[in-house]
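Undergrad: For the sequence shown, counting from 1, position 133 maps to 133 in my numbering; every step adds exactly one.
Everything labelled a hint here was simulated from the structure, so no lab data went into it.
Treat the hints loosely; a few may be bogus.
[Claimed, not checked] Between beta-carbon pairs, the in silico distance windows are:
1. Gln245 <-> Asp197: 15 to 23 angstroms
2. Glu22 <-> Asp166: 18 to 26 angstroms
3. Gly27 <-> Asn228: 42 to 50 angstroms
4. Arg96 <-> Ser13: 16 to 24 angstroms
5. Glu163 <-> Ser83: 19 to 27 angstroms
6. Thr198 <-> Asn52: 45 to 53 angstroms
Only a predicted model underlies this, so the values are computations on that prediction, with no experimental measurement involved.
Glycine included, every Cβ here is placed at the ideal spot set by N, Cα and C.
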Amino acid sequence: MVVQVLRDLTSSSKADLVLSIEDSLKGSPLHGYVAYRVLSRLGIIPKNAPMNIIKTIIRRYAQEEVIRKEIINELVTKYLDVSALLSYLRGIASGRVGVRTIITSTPSPLAEEGAKPPGGGRVRFSALPKSVIAALMKKRLYSREVDLVCMVCKHLWRARIDELPDKVRCPKCVSAGRNYRFVLNEDEKEIFEKLLDTAKLTLVYGRKAIIALNAHGVGPASAKRVLNIEDEEEFLYTLYQLERQYLRTRRFWRD
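Produce the entire structure from the sequences given, and follow the hints as far as they go.
TA: Here it is, written out as structure tokens:
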């Protein structure tokens with residue numbers, strides 16, 4: 001059955017694939033969230049409306065042709081990569097991507113999540129293999145653009161993390177961050193010391209430090225605990241755990 005579904009999808013056009021995605025997402029939390037955003041922008045859902053009113057309005061208006069098209073357009077442009085999916089399916093059709101059927105007595109954690117009915121919530125990350133979580137972290141962190149400043153010549157530049165060399169140097173003065181020459185007051189010194197912690201990590205660990213410091217809630221102190229991890233998968237998975245810890249405890253850190 002799965003193989004037949006894949007064969008049917010591989011022969012689909014992009015427009016047909018979008019329709020299939022739309023059908024599969026109806027009733028899902030993502031579809032409801034996007035419908036809420038669209039209807040709120042149009043002024044159909046009042047500000048601070050109670051949840052029962054919001055759900056009633058979504059059921060009433062989400063299938064109106066103009067609104068339906070706007071919802072699916074936002075889904076496929078902001079939340080889904082239809083071109084990547086189409087490329088993957090065509091890879092299956094051409095034989096470039098292989099498909100293996102494995103019969104087991106129990107579903108994998110990921111398949112178990114995928115088999116749940118729409119409206120069941122997000123996939124639990126704890127159900128995903130460590131390698132998958134690490135790959136998702138890598139894709140998110142490595143694709144980020146960061147602003148970097150040289151603490152010697154004050155040159156500012158922007159770069160994608162995955163395009164940075166392992167050892168980061170200022171492209172203007174080729175400095176690795178030593179021999180600072182500043183005259184600072186007490187307040188400026190405090191700020192400078194915080195920046196210096198980040199600069200020292202970048203000096204020693206290069207791009208790896210920048211990756212760690214771009215994880216949510218990871219500062220220099222937390223980064224120091226993970227930067228000695230040599231295995232990339234373990235390093236990224238540990239960053240994921242630090243992000244989870246931050247999300248659980250961040251309300252206690254607010255002033």
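Undergrad: Flag every earlier hint the structure violates by its number, smallest first.
TA: 2
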